[in-house]
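Hints given; two lone chains; assemble the complex.
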Amino acid sequence: MTDRPADPAASPAALAAALRSTGYLADDGLATATFLAMRMNRPLFCEGEPGTGKTALAQALAQVLGAKLIRLQCHDGIDASQALYDWDFPRQLLHLRALEATAGSGTLDTDAVEASLYDPRFLLARPILEALQTAPSVLLIDEIDRADDEFEAFLLEVLTEHAVTIPEIGEVRATTPPLVVLTSNRTREVHDALKRRCLYLWLDHPDLQREIEILHSRLPGIPERLAAQVAGAVRALRQADLLKPPGVAETIDWARALQLVGASHLDVDSAAATLGAVLKYREDADRVRKQLDSLLAS
Amino acid sequence: MTNSLIGPSGPDPADADPIEGLVGFTVVLRSAGLAVTTDRVVAFLSALDALDVTSRTQTYWAGRLTLCSDPDDLPRYDRAFEDWFTPPRGGGRTRIVDERQPPPPKLAALTPSTQEGDGDEEGDQPTQVFARASGNEVLRNRDLAELTPAEREHLRRLLALLRPDMPTRRSRRMRPSRHGPTDPGRTLRAALRDQGEMRELRRRDHSRRPRRVVLLVDVSGSMEPYADALLRFAHVVVRRSPGTVEAFTLGTRLTRITRELRMRDADRALAAAGRAIPDWSGGTRLGEVMRAFVDRWGQRGAARRSVVVVFSDGWERGETDVLGVQMSRLHRLAHKLVWVNPHAGKDGYAPVQGGIVAALPYLDDLLAGHSLATLEELLEVVRDA
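Which chain is which? The protein sequence lines are A and B, in order.
Residue numbers for the first sequence follow our numbering, so the first one is 1497 and each next one is one higher.
Residue numbers for the second sequence follow our numbering, so the first one is 33 and each next one is one higher.
These are computed hints drawn from the structure, not numbers from a lab.
Do not rely on the hints blindly, as some may be mistaken.
Heads up, simulated EDC-like pairs for lysine to aspartate or glutamate below, C-alpha to C-alpha not over 16 angstroms straight-line [what the hints assert, rightly or not]: (1) 1740(A) with 175(B); (2) 1740(A) with 1780(A); (3) 378(B) with 175(B); (4) 1740(A) with 1720(A); (5) 1776(A) with 397(B); (6) 1740(A) with 1572(A).
Bound-form chain B, shown alone (with noise of 0.2 angstroms):
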């Protein structure tokens, strides 16, 4: 059981070697979603290796402690290893069934097909006409759930080209600097090149990082217009500072999607993200969503001290008393909160939803987000947070 595991496995007699049905394994799991790396397979083959490989909790263990990286991975991971090792042991001959279902394409509905060129402009007038006489400037400012096919597609290129600056905050680290305490080791380097002769004393002071930045993007029904722009919003700036910025979906549920935003590629992180997002164009339970995010993430990291903005027309089905109770607690733990409502920018608005009303009071800021224009405020806002 012990002998060398590690090595090119010989097809020969069924059940002397392991090796194969033990990769065959890692394959599946490969298959289910988890990110099996060849470093991971032999280091799994090397704790069998110091474990009993026909016990079955040790090849449990063995498997979940070098092939799991992740508390998603583990239902996906325990129920790979049922199917794998139960029905006849050893494994490997036994029939796999991958039972996932290929992602439904929801961002489709979303987005109409906008593939370069045409093929779906709806109504008499040729949007390509009006989308080139409208011109950056009028797009800007333009309603988003208002736009024709082409003008959405121009609307992309314009929020791709967006270079938003993150906010930034003292860090504890230090650095060279020309004011601040002194450095030590600078002035003895220093020091040392003049014969031990102290000329100036060297500085250090704190340097600045960015500060995090957490978007919340409601997906429910009622923001279904603007979801697509804000989510391509969302991805731009991921994209801009991957490591500091986590973005959400809030609909019945909640949804983390920074990991799919960080890809390069918008229309594919998009489609990643949506096949992420299990509630598009449902409903809100805004509070109830909210709760969840303060809770798992919130309190726990994600939102201590960082900018938080929240994109929702504050339709809450729900009891608005959740609401208010989530938002006070998130004030407390973020830096600066804002809300950004499409229907804010309209004439005659006022914050009188349910939800709003209840949020109102903890806000650092409420902007509209109904066009370009308003989302490059908000990158403003953010900005100087």
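Here chain A stands alone, though its shape is the one from the complex (with noise of 0.2 angstroms):
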């Protein structure tokens, strides 16, 4: 990754060319997209089908930047303590204790005991505010739409302003704002006020040739016509209206694992034998496994 001299922040080509080194390829709208995220300043919302790379984005930014990356998995009822902060209570219950019998006979200025309470030292950073306080860093919000519209509300002001506020500390604003990467499976429709402070980034399946490429990038030695097999044959699932269409990353599982049974092509005993690393319902399997010589065949 560091072979490549030129600045990956200096035109969406360089980052793309940055982004391929690792191993993640960008089409024009998506390095144009990260690309603005970072001159910007903007958070990126990547919305799409599961599996079309959107989480991996964020690790190959990260890659390429050399930062740090931190990542938030949403689920439905996270709060602040668990996203932002929180209190190291027990080792303050133990600060308490020691300034009680150190005090003597004497009373405890309760201000003073409060402000030692209240300290940097027990402030346990959760990931945003690790985001916020990491000088380079990527910070993945991973799957928003889990989440609750408290929690988008709340996210606001930490996307706008890099900066938090902790009320017995004051405001924590981040020297260099961390990248963030928001990404939704659009299993609810999130709020237009956060999509506003983004930038809109929707995800496709990638075309043929991008998904052969995509497996040679992640498969070194991965057999040429075995990878256009795998894709092509992909890329039929997807049109065959299962329950859920195969994703990039699935694409990469069923190589994989063709690859580990010894299969130097694919066919229909081969295919068979991983399906299960490419579809995730018994109806699709099923559906499948019976019209397998057809669809090997197209």
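Written out as structure tokens, the structure reads:
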């Protein structure tokens, strides 16, 4: 990754080249989007089918920038103490007891005690605070659609100001704002106020040629023929009206599985044996198994 | 090209200042239905400032990344971009035709005009008088399909008065409570007030949040007499809890109308929903449409652990096994699956229509929905789900 003297932030093309060297193949739109996110200091909102490389993009970006990747996985009911910061209560209690023990008979000055309790050393940085405090960092807020709307509202300050306010300490502001990547699988509509602060990138499944390239870059040494066959078969599967059409991640899994069972090309037997790597529903597998011949012929 | 792009535009030479053309483009996008706000326009211009304005690809992406916010926006954006930037480069001077047709007033056909007062009483009996005589109690039990225009108007007002309670579920979020695990933060703060003496443990527990409700309203021909009332009912429910209720119509295709129904005013919301529904009073392929719902929305999250209510008479013209399979999927995703059939409230009703028979094994409840009283009953079932 460091064999490239060009600054990845110089132009979209330079960034695409840098991403390519990490094994992530970016098209024009993706390169422009990430370039603008860096230049304009705006979060990148990635939406698309599962398995189109949203999370992998954040990982590749961190690698390109030599930055730390900090990941926040969203879930139902996530709140500030899980995303932002929390106080280390056991240690605070110990500290309080220690103060009492050393104070002897004299009474404690409440204000001074409180000030010493809410000291940054008792602060547990959760992903967002950590990202603000870590100089070059990429903050991945994964699957924001799983969090609730209160949490979205709470992200607004962080995303625009690159700062959070901790009542007992004050404002913590990032010296170098982290590059923020938000992902969503569209299980729920994310509020427009949040989207407006971001660059909006819709990710589709890659075209055939790009998917073959992705296979080559992720699985070096994969036979040309196998890569082309797998990519072609996955493409056919995506058009086969399945409950869960395979994403790029499944394509890679499938090719890897085929290599592991020692298949040099894709035929009915090897496909049937490894179908579990690409199809995740019994109904889908049953249907496809019956039509494997015609699928592989296409 | 990267000189100061932001600022008042001078109307001088034709291609010296691209701002006018770019802003013109955003105006076209707005009229094509994209939510282009001023801050988005500013973002678009500053994106171009970082890129090469003379590059078509980069201009395209600068706009797409800053002005779109939904996959549905993308085809509209592509079309507008093509129109605006293709003929002579530079844009701005090109002719732009607003291709959108005025929306057909489809809803009007369904709802006989009943603007306050009168005008179209049918029949010989003055309906106004009859409506007054019938009173709320009688009207509550009348079949929605057999109402006179005046009664329909009365019913609308009654519908608007409904205050549905939403079902709830346990949230992962914690809040102060008398029971549950200890809350270290509040306990510590309380101790601090007592000079570090911990007199009592403060506790917290999971809060409750509204459970998601999904309404699927069949608007095919056979449901026509009920569609208006049912959509009004859906409006009331969506308005009550806009964040957690989703509404769709089923016909020859699936249409999401949640966004339209969130409007405060019932008539405007219904008119907007009417514009969004392309297949009023058409046929049904219930199985296919249900599959579209489960594929596109249900499995992704809208139906997961939610209360799903299907309003349909179950007339299925396609093969019923498709519907059966989809209902079984939906049953596995949803918390409760309720079917509301307006005919179920009539004497001699038996669930024999193909669609109902296929769906029946997967339903938690089969209700009638032909009158206001039965809709109120439905709300109780939903609340207790």
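Hints and how they fare:
Among the hinted pairs, residue 1740(A) with residue 175(B) is inconsistent with the structure: their alpha-carbon atoms are about 42 angstroms apart, more than 16 angstroms. A C-alpha spacing of about 8 angstroms is found between residue 1740(A) and residue 1780(A), which places the hinted pair at or below 16 angstroms, so the restraint holds. About 9 angstroms separates the Cα atoms of residue 378(B) and residue 175(B), which keeps this hinted pair within 16 angstroms; it holds. Proximity of residue 1740(A) to residue 1720(A) is assessed by CA-CA distance (about 27 angstroms); at most 16 angstroms being required, the pair is judged violated.
Between residue 1776(A) and residue 397(B) the CA atoms are separated by roughly 31 angstroms; this puts the pair beyond 16 angstroms, and the hint is violated. For the proposed pair residue 1740(A) and residue 1572(A), the alpha carbon gap of about 23 angstroms is over 16 angstroms, so the pair is violated.
Violated hints, in rising order: 1, 4, 5, 6; the structure is consistent with all others.
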